[in-house]
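Number of protein chains: 2
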Amino acid sequence: MQIGIDSFAATENLDSNKKKNAKSIDELIDRIVKADQVGLDVFGVGEHHRKEFLDSAPHVILAAAAAKTKNIILTSAVTVLSASDPVRVFQNYATLDLISKGRAEIVAGRGSFTEAFELFGYSLKDYDELFEEKLELLIEIQNNETVNWRGDHRPPLMNQTIFPRPIQDPLPIWVGIGGTPQSFLRAGKLGLPLMIAVIGGETHRFKPLVDMYREAGRRAGHSPEKLKVGLHSLGYVAENSKKAVEDYFPGYAKTFTRIGKERGWPPVTLERFKAQNGPSGALMIGSPDEIAEKITRHSKALGGISRFTFQMDNAELTHHQLQKAIGLIGEKIKPQFN
Amino acid sequence: MQIGIDSFAATENLDSNKKKNAKSIDELIDRIVKADQVGLDVFGVGEHHRKEFLDSAPHVILAAAAAKTKNIILTSAVTVLSASDPVRVFQNYATLDLISKGRAEIVAGRGSFTEAFELFGYSLKDYDELFEEKLELLIEIQNNETVNWRGDHRPPLMNQTIFPRPIQDPLPIWVGIGGTPQSFLRAGKLGLPLMIAVIGGETHRFKPLVDMYREAGRRAGHSPEKLKVGLHSLGYVAENSKKAVEDYFPGYAKTFTRIGKERGWPPVTLERFKAQNGPSGALMIGSPDEIAEKITRHSKALGGISRFTFQMDNAELTHHQLQKAIGLIGEKIKPQFN
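Residue numbers (numbering that gives the first Met the number 0), protein chains in the order written: chain P, 0 to 337; chain E, 0 to 337.
Chain P with its partners taken away, still in its complex shape (with noise of 0.2 Å):
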């Protein structure tokens, strides 16, 4: 199994200062760096349009990230793709695909914050059908030089040659996903790999869904090696159980509280985090070896994973506590799915 990061490029700094989002970009890249350096697999990039994360274009933070490193796959996670032009997208991660000698992936999603609709001009009522037909030229580009294309969202493509090509044949793209049920059904189809979001709740409960994306795979006539699963939890791990949660709990919960006053959740309880923290809970902060069980535990529940990957962002942690976990996560977690 994969083991890996994905970070949104948080930074605590929400009054712009440039200097210190310098900083916050040069710590991100650094993890990034640790990340290769204790054998991580894969470092993922998030995309957003907001104040407090820096990743509205992960492709150039990866590709920073790419001169630095040797071994590890550079991801975006999630490109809003909904929002964006597929023709760019590829560009950028074909480009990102030459630097890194075929370490590019894309993790395509409809992104969890909505301020992307309306910044690049797409109405939210085309929320699924923005997406399916941004996919659909998406896979287009990626197995064809030579592009024709219409569409309802885009201008068409008529003979048109995409450039440059990656090194990877085909580029890898996956799609990000939530919870909707048709995500998992139009994955299956398509024949493409899934990345299953899990950010609160009991992770146990995406087995249908995922059997779904298996079964709607199968029909299509997809091989089983092809309907690959992979699974994004929060998660931190520390020396010990109690530190780790210590460490994580109060920056966590003043982040879903100001999330979840966007989103009309409830605020966030110790009660609430410690059930969701459970055995079957999603969060994934724990020891190091807790956290291996769980990921094992997690992939059992769902048939079987090929990658995890820890979203350590939402806590207000500082640069060298996360370094910290990446280094415990290559150096105690990665070796027992090896």
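By construction, these hints were calculated from the structure, which means they are not laboratory data.
Among the hints, a few may not be true.
[To be verified] Simulated coverage check for chain P against chain E, where a stretch passes if three residues somewhere in it have a Cβ under 8 Å from a Cβ of chain E: (1) 52 to 60; (2) 73 to 87; (3) 107 to 119; (4) 224 to 234.
[Said to hold, decoys possible] Keeping only pairs whose Cα atoms sit at most 25 Å apart, straight-line, the calculated PhoX-like set for lysine-lysine is: (5) Lys323(P) to Lys19(P); (6) Lys100(P) to Lys17(E); (7) Lys22(E) to Lys69(E); (8) Lys299(E) to Lys273(E); (9) Lys69(P) to Lys33(E); (10) Lys69(E) to Lys18(E); (11) Lys67(P) to Lys18(E); (12) Lys299(E) to Lys206(E); (13) Lys100(E) to Lys50(P); (14) Lys69(E) to Lys33(E); (15) Lys18(P) to Lys67(P); (16) Lys69(E) to Lys69(P); (17) Lys206(E) to Lys69(P); (18) Lys188(E) to Lys227(E); (19) Lys22(E) to Lys33(E); (20) Lys253(P) to Lys225(P); (21) Lys22(E) to Lys67(P); (22) Lys50(P) to Lys19(P); (23) Lys69(E) to Lys19(P); (24) Lys227(E) to Lys206(E); (25) Lys33(P) to Lys100(P); (26) Lys100(E) to Lys19(P); (27) Lys17(E) to Lys67(P); (28) Lys17(E) to Lys225(P); (29) Lys19(E) to Lys100(P); (30) Lys188(E) to Lys67(P); (31) Lys188(E) to Lys17(P); (32) Lys22(E) to Lys69(P); (33) Lys100(P) to Lys50(E); (34) Lys260(P) to Lys124(P); (35) Lys22(P) to Lys69(E); (36) Lys67(E) to Lys100(P); (37) Lys18(E) to Lys188(E); (38) Lys69(E) to Lys33(P); (39) Lys253(P) to Lys273(P); (40) Lys67(P) to Lys69(E).
As the structure is a computational prediction, the values presented were derived from the model and not from experiment.
Backbone N, C-alpha and C fix where the C-beta goes; we use that ideal spot for every residue, glycine too.
Knowing the structure of chain P, use the given hints to seat chain E on it.
Same frame as chain P, now just chain E:
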């Protein structure tokens, strides 16, 4: 005066061999590192959407270079702004600015090839209007974190915030320009610095246009320091003049005969080449001292320039030849302008 290099990420590899393309990008990044090491001021990467150039996403290449360089300014040369979304362009270069700690610039132009128009669904009949509108929006974003804007070629922005903000305030935006008088006037009115591409003929013929630019800028109330002029020309240096021409001419002839077929130019001859490489000609192929003198001559002819950049990519020179030329430019030409 700043001295720099511009590249189009050319690849000889017209059969899309992916490993060769990765090598071409690697070598380009090595040249940017070399340019930084020998003290050159600026490196620009163009934007094309053609098989023979690998720079459809120049910001991605520049980000990898940012991770490996210390002082050199990293710029697009040019961003084909007419066919781009200024929001994405700004996000890409603001991110590059954070990564490079304040070394990112944008040279915005209309491009000298036209394939981006069809690829991104724009009409050549809007050639000028598109650029004008998008430049206006880019400047709006350069100057304001929150943007209210409405135009004809991009969805409106209502109270939209654009992140990340760059370190440099404002992020430098130049206008990249061919010979159109209206473009000189526009850049002057806007008080934007100007990169003039002179790739043939005699450089001093641009003097009246540069005067127009400076006069338009003065009338619009911009200070003379803001009205900077840079010059981009085809150039190459070797130990001596004879060797420079021997290295450069065969590939130049091949490339410009090919481009000429698309654009209706006469075939290249050595005689015509030599005429344009004469004392007042736009071609800058010769020994370091010869070319340093010529830069000074061109600068005087244009009323003083702030930046000169060498475009060496159109002559099928080897990586070794290009590296050596960059070394000579840094060690023998640049010190004459400190």
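Requested in this report: Mind checking the alpha carbons of Lys188(E) and Lys227(E) for me, to see if they're no more than 25 Å apart?
Outcome: 13 Å, holds
**Report entry** 8 Å C-beta test of the region 224 to 234 of chain P against chain E, three or more residues
**Finding:** violated (count 0)
Query raised in the report: Lys69(E) and Lys69(P): Cα distance at most 25 Å?
Result: Status holds; Cα separation ~21 Å.
Report task. Would you mind confirming whether the straight-line C-alpha gap from Lys22(E) to Lys69(E) stays at or under 25 Å? Result -> Between Lys22(E) and Lys69(E) the Cα gap is close to 23 Å, so the pair holds against 25 Å.
Report task. Below or equal to 25 Å on CA atoms is what counts here, so check Lys18(E) against Lys188(E). Result -> 46 Å, violated
**Report entry** Agreement of Lys188(E) and Lys67(P) with the hint, judged by alpha carbon distance not exceeding 25 Å
**Finding:** 42 Å, violated
Query raised in the report: If you draw a straight line from the CA of Lys17(E) to the CA of Lys67(P), is it 25 Å or shorter?
Result: 21 Å, holds
Query raised in the report: Holds or violated: are the alpha carbons of Lys50(P) and Lys19(P) at most 25 Å from each other?
Result: Distance of about 13 Å is within 25 Å: holds.
Query raised in the report: Given the proposed pairing of Lys33(P) with Lys100(P), does the C-alpha separation stay at or below 25 Å?
Result: This hinted pair holds, its Cα atoms lying about 19 Å apart.
Requested in this report: Mind checking the alpha carbons of Lys188(E) and Lys17(P) for me, to see if they're no more than 25 Å apart?
Outcome: 29 Å, violated
Requested in this report: Would you mind confirming whether the straight-line C-alpha gap from Lys100(E) to Lys50(P) stays at or under 25 Å?
Outcome: 19 Å, holds
**Report entry** 25 Å limit on alpha-carbon distance, applied to hinted pair Lys69(P) and Lys33(E)
**Finding:** 21 Å, holds
Hints 4, 10, 17, 20, 30, 31, 37, counting from the list given before, are not met by this structure.
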